[in-house]
Each structure stands twice: as structure tokens, then as C-alpha cells.
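A.B. asks: Respectively, the protein sequence lines represent chains A, B and C. Using the numbering used here, the first residue of the first sequence is number 1, and each one after it goes up by one. Using the numbering used here, the first residue of the second sequence is number 1, and each one after it goes up by one. Using the numbering used here, the first residue of the third sequence is number 1, and each one after it goes up by one.
FYI, nobody ran anything at the bench for these hints, they're computed from the structure. Take the hints with a grain of salt, since some may be wrong.
What the hints assert, rightly or not - Okay, derived cross-link-like pairs now, DSSO-like style, lysine-lysine, Cα gap no bigger than 27 Å in a straight line: (1) C:LYS10 to A:LYS116; (2) A:LYS193 to A:LYS137; (3) C:LYS12 to A:LYS116.
Listed below, chain by chain, are the residues.
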Amino acid sequence: MGQSMAARQINAFYSRTQILHDVSLAMNANAVTAIIGPTGCGKSTFLRCLNRMHETVAGARMTGRVVLGSTDLYAMDAVEVRRTVGMVFDRPNPFPTLSIFDNVAAGLRLNGIRQKDLLIERVQAVLSMTALWDEVKDRLEKPAIHLQSGQQQRLCLARALALEPAVVLLDEPASTLDPSSTLQLEELIEQLKDRYTVVLVTHNLQQAARVADTTAFFLDGHLIETGRTIDIFTNPSDTRTEDYITGRRS
Amino acid sequence: MRAKTLLDRTVSGLLFTISGSVILSMGALLAELVIAGHASMVHFGFSFFLGHAWDPLRGAYGALPFLFGTAVSAIIGLVIATVLGLGTALLLTQYATLRIIRMIGFLVNLLAAVPSVVYGLWGIFIVVPWLRVTLEPALYRVFGDIPLFAGARDGVGMLAAGLVLGIMTLPTIAAVVRDVFGAVPNTLRDGALALGATNQEMIRMAVLPFARAGIFGAVMLGLVRALGETMAVLMVIGNQPSITGSLFAPAYTLSSAIASEFAEAASPLYLSALYELGFILLMLTILIYTLARLLVWRVRWRGGLPL
Amino acid sequence: MKYKGLRLRKWKDRAFFVLLMLATALALFPLLQILVEATIRGVPGFKVSFFTQLPAPVGIVGGMGNAIVGSLLIVGLASAIATPIGVCTGIYLSEYAPVRYARVLRFLTDIWFGVPTILVGLLVYGTVVLSMKGFSAWAGAISLAFIMVPTLIRTTERMLALIPAIVREGALALGASPTQTVFLFVLPAATRGLITGVVLAVARALGETAPLLFTAFGNNFWQSGLSSPIAALPLQIFLYATSPYPVWQAQAWTGALTLLSIVVVLHAFAHFLTRGEGLS
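This is chain A alone, in the form it adopts within the complex:
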């Protein structure tokens, strides 16, 4: 089951440049929260703060808290955080030397699961969940990089789901996919919220409107507005949101 997540007063920096200013945002359990905003508004950085990936970059630092359920993620071990909060990136990144099966099993193996039958069961389950099982079941031992990019991206999603995270972070997951793969991925995201809390960063407004329950609009490192997706898109309360939604912002 998903758990609700809340970011409190996040300030994030790269070297001396401040990327995020005092961002607080609640992300509901078993719902899709979309984060939209122009390039460079800090939406990806925000996402990377949620699973403590931000701190893996040289020169990066942040202040603030992220709470999952009732646990403070910044009081936990970062490695543990990342297996509880899964992430899919803007371009597919399967491990090039590993097979399809091993890619999905990678996270499980890291966490000490070695029993073959258990691995097979879990790999099959998440591959089915991502609608990949029928496409790849005959070539599980083939290198993952030979899949098409849409399949690769769903493989990366499966890889993240295999660890049964509470939250799934999606960082512009469709940005390198063709329209039909994008559609397929969006259908998957819809289904994901039955079991997980989903946070989706996207530059595609239609995508946010299609899949998100809640939408947050970021601009220049500030959270401008957040609310039900339908309200944000039809009746935004801030003129800057309205300008962005309607394309008036130069």
C-alpha cells in the first residue's frame, strides 16, 4: 500500500546557486501527484530530494524535511530510503551488461534475496504489472539494451517496483518515448496508484491533466500553486499558473 508523503520547507542548492526555495508539498497516498513547470524551475531537483538522490551529485546540498507516513526520510539511512521510494528516470537506463531478468532482479539481489523461485515469482509479477511479461518472457536471458526504448522504460519501472516501494517517483518518464509508448506508460501510471503513491514530473501539460489527481506548479524554484488537477487546469488561482497553462508565458 502507498503511504502519503510530505516535503517540508525544502531548500536545495547546486554549489552556490539556490534551486529550490522553501518548498512544502503534500503528496497523497494512492494518488498521482504531477509536478509541472517550465524547464529549469526545479521540478526534477525537487523529485531527487524526495529519495535523497540530490545529495549524490558533487556540490549539491539541501535543507528541509521529507516525511513518509510518519518517518523522517532524512533521519533514515539514504540507501534504505531509496529502496522504499523507487524512481524512474527521464531516459531508460537498464544496466547494459545485464539480461532482462537480471535487470529486474538487481534490486532484489542487492537486498539479499537469493532464492531462485522467489526471484522468478517477483520478476514475473512486476513484468506482468508493467505489461512486459508477454513481450519478453521468451528472452529473459537476452541483454536488456536490445529492447525498444518504450520497453526499456517499462523495464526500469518494473525494476523499481520489484522492491515493493511505498512511493514511485517518475522523472519525465515519457520524454524520450514515441506517442504510442507514452500512452501505454500513462495507462500503467493510472494503475500504479492502486498500490503506490506516485509523483510524476512532466513538462507535458496534457499528460498531467490525463493522469494526475493533484497538480503542483513550480516556477523559478518556488511552488506557486497546488490543488486538484481539474482546478489547476480550469480555474487556477494564481495568474502565473494561468499564464503557463494557457501558454502566455514567454
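With chain A fixed as given, assemble chains B and C onto it according to the hints.
C.D. replies: Okay, now just chains B and C, sitting in the frame of chain A:
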């Protein structure tokens, strides 16, 4: 681009001519070694490579002792340089979130800048006495039954040369491996970390598999450096054209033999044989270099970086 | 599902980090040792006389004055020969050369860079020394020039590559010809980088010993001209280091300290000029 003017063509032509010096120089080097080594090549033929005696007084010239000494000292050096160089490069590239580690980079560059003759000085006055007094007796006590660690323990010899070569080739290997690790796409590292991998697991899953060929290439480039290293080796290897099973024994390398015997080579055949050693050295350099380049290119190409 | 083993994994991670630190410490230990030993053993001999006097027979304390002057002379001469060749070739490679020719040139430059320097000594002996009928400052300088050229080509090309494409496009869009673009816009922007290249090449040449053995040869007296054998600092260090006399050995350390100081200063200068960019 606009149509080229007369000025453009003149300048381009001039620079092209100057750049020809690169080809000319390599050609001249090759020609010189072949011409001057020709007498020896004709006289000994292929047996030059197999001859294990090098005795100018009796007119016996075989390259085997030099090939042996070069190979053994280079292998010892490469093992040391690879282990330490990989460790250094991993620390510098994968743990760069720590500020102190970024400063270490300058020191590694400095390691490459120390002149060969200074390494030789360090070898003679610090490494060799330490080997003679501490390391070699200790190795002898423990492993004395193995021929590798038997025999006289003078400090001077292949082990000393290997140690010095190790430190001297380390910056080369570290620099190339740093480049190779730098070519590992960030998305791969992110992918592993986001699955909850520790840094060590991330390196094992994402960095090392990707860089494997490049690491091998870096070691080969280190080998090129080790082959050509002359002065420091000359100062610590003992300079005896012998083939001995013990790492403690003195030996000779291709480059150090040329350096120390060239001035006293009295007969034309002696001189020619030294030139042929030089020719072998050049061929080995070109061969290994080419192989190494191909491997490093492959990694950069896969990482989407310019060649 | 509950996952196990995190503590063990964290321990492995920490142990791995400690191993890497250890490897780095071991790698840098010799550098530290060399700097410390050269200071301890070299400082006592670090007097004015060391820089002004000639090498003296055992028993009398002499200096390396002629070797230092000799080194400066041949490296200066070598730079004068190598800089135009290296920099021009680097410019050609970066700005003019057709892709294929550039690839061949780059490959040969890299091989040249890796050629054992003792072989350069053989080449110059066979050509310059034999035709001039003797060892000479010229022969030494030409050997060092040989060694400097590939370094210069590489750094020049690398530094020009750091100049963003918009500089070139901007100039071309203004109606500048390709040559005007290179000489009026690109090169001025890369000046610091080009100077860095020369500095690094000089630092490398100053420490070279092997190619001088049978070209410059060495000399115990002040230089009288460019056509006679000439002393050089690394040669003198080599000679004294391998001698049986403690006085000479101590002077070798003083020589090494001098050489190291110059090289470190040159490298720090290069680092300062480019803030580490483009160096590796």
C-alpha cells in the same frame, strides 16, 4: 562556411606543411632504427630474439635477457600501478561529493610531473635500502623456498625496478581510468543508487562493467610508459643481462641497456645490436599503444563521448 | 516484505571506501616521501655557491651552476624550436584538418608521446651528432624539442576545443573568414590555455635525462658555445647519484630539490592559469 579566400588557403597550407613534421619525425625515427640496426638484423636474423647471451667481448648478442627484464619489471610495476591507480581513480571520480577528495586530484597530477631521474634518486637511496634491510629479508624468511624469493638480497634488482615503475606508471593509469569512469553515463549511476545500492554496489553494478575494456586499455597505456622508462630503472635494476628466477636478482631492460651501453659500444655490430634493441622497443610501443587506444575508444564510443 | 542484510552491506561499503583511501594514500606516499627527503637531504647544500660554482673534484665542494645554466639554455632553445611546430600543428588539428587526416595525425601524435625518450636520443645521435661530428647543445635542444612537440600539440588542441562553438559561429556570422575567425577570435580567447601548454612542455623537458645522454652529453665547465657538449641539471643529478661519493650524492639531492621546485612551481602556475580546466 564561406568560400575560402586566398589567405585561408595559404594559412591552411602552411599549417598543413608544419603538421607534416609529425609524420616526418615518426618516419625518421623508424628509418634511423632500421638503418642503424640493419647490420645486426642481417647478422643474427630471428635468433636475436631467442639469444639469451649478451656478451659483447665474445660477440654474442641476444635480446632475450632484456625482453625478460623488461617484462618482469613491467609486470610488477603494472600490478602495483593498476591496484593503486584504480583505487585512486575510483575515489576521485565516485566520491567527488567530498571536498577533500577533489583536492587530491592536484597531487596525483604532481606525481606524474616528478622527473624520472628524481624517481631514480628515490629508488637508489630509499627504495633499495628498504628492500635490502626490510622487505626482501622478510619475504625470504616467509617464502624463501619459492625460487621467486630466493637468492641474494641486495635490494638492487627486478623487484626494486618494479616498485619504482609502479609508482611512475600509476599517474598514467589513474588519469586514463579517470577519463574512462568519467564516460560512464550518470543515468547508470543514478539507476543503481535509486534502487538502493550502496556506493560500492553502484560501482560494481554500473561503473566497473561499463569501464572494463577501458581499464584494460589504461593498463596497456601504463605498460607503454613502463617500457620506455629509462633512467629510474637504470639506477635500480642492477644492469646485468641475466635471466634469473628470483625477483631479487639484478637484470636489465631494453631501454636501460641502450642508455648505459651506447657510449661504450666500440664495435659496429655492438652498436647495431643496441639499435636493434631500440627497434624492438619502438615496435612494442606502437603495438601496445594501438591496442590500448582501440580499447579506450570503445568505451568512449559506447558512452557517447567524442573519440 | 522485510529485507535483511543492510548492516552488512553498509559495512562492506565502508570497508571498500577505506580500501580506496588506503590505495590513494599508498599512491601518494612516495610523492610525500620524495618531497620530504629532497628537502631534508637537499637543503644543507642549497647555498649560493651551488648555483654559481662548477662541479669540483671529490673533496672540494662545488656546485651545479653550469648544469643549471645548461638546462635553461637547451630547454630555452628547445622551446624556441618546438613551440611554433607544436602550436601550429595543434591549431591545424583543431581548426583546419579534414577529419580523416586529423585522426591519423592525432594517432601518430599520441604514439610519439609514448615513444621511449631514449629512442629520441638514438635518432638525434644518428642524425645531428654524427653530422656535426660531436655532442652539442644543439643536439640536446633538438632532442628535447622532439619530446616537447607532442605535448604541445595535445594541449593546444585540447585548449582550443574548450573554446565554445558560439565564438566561432559568432565570428563567421559577422562575415569573418575562417582564418580571421581563428586568429582574431579563437586564439585570443585561448591564450591562457596556450601558455599553459608551453609551461607544461617546458616542465617535462626540464626533467628529461635519457635523450640527453648521447646528445648533450654533459660538460664540467661553463658553456662556450652551442656546438660543444653541454651540461644539464638532470644529467648532473644522474651522474652524482650513481657516484660512490657521499658529497656528490648529497649534491644530487640538492639538484633534485632544485629541479622539483622548478617543476612544482611550473605546474602550480599552469594550474593557476587554467584553474585546472583541460589538464589531466
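A.B. asks: Indicate, hint by hint, whether the structure satisfies it.
C.D. replies: Structure-based check of each hint:
{"no.": "1", "hint": "C:LYS10 to A:LYS116", "verdict": "24 Å, holds"}
{"no.": "2", "hint": "A:LYS193 to A:LYS137", "verdict": "25 Å, holds"}
{"no.": "3", "hint": "C:LYS12 to A:LYS116", "verdict": "24 Å, holds"}
Checked against the numbered hints given earlier, the structure satisfies every one of them.
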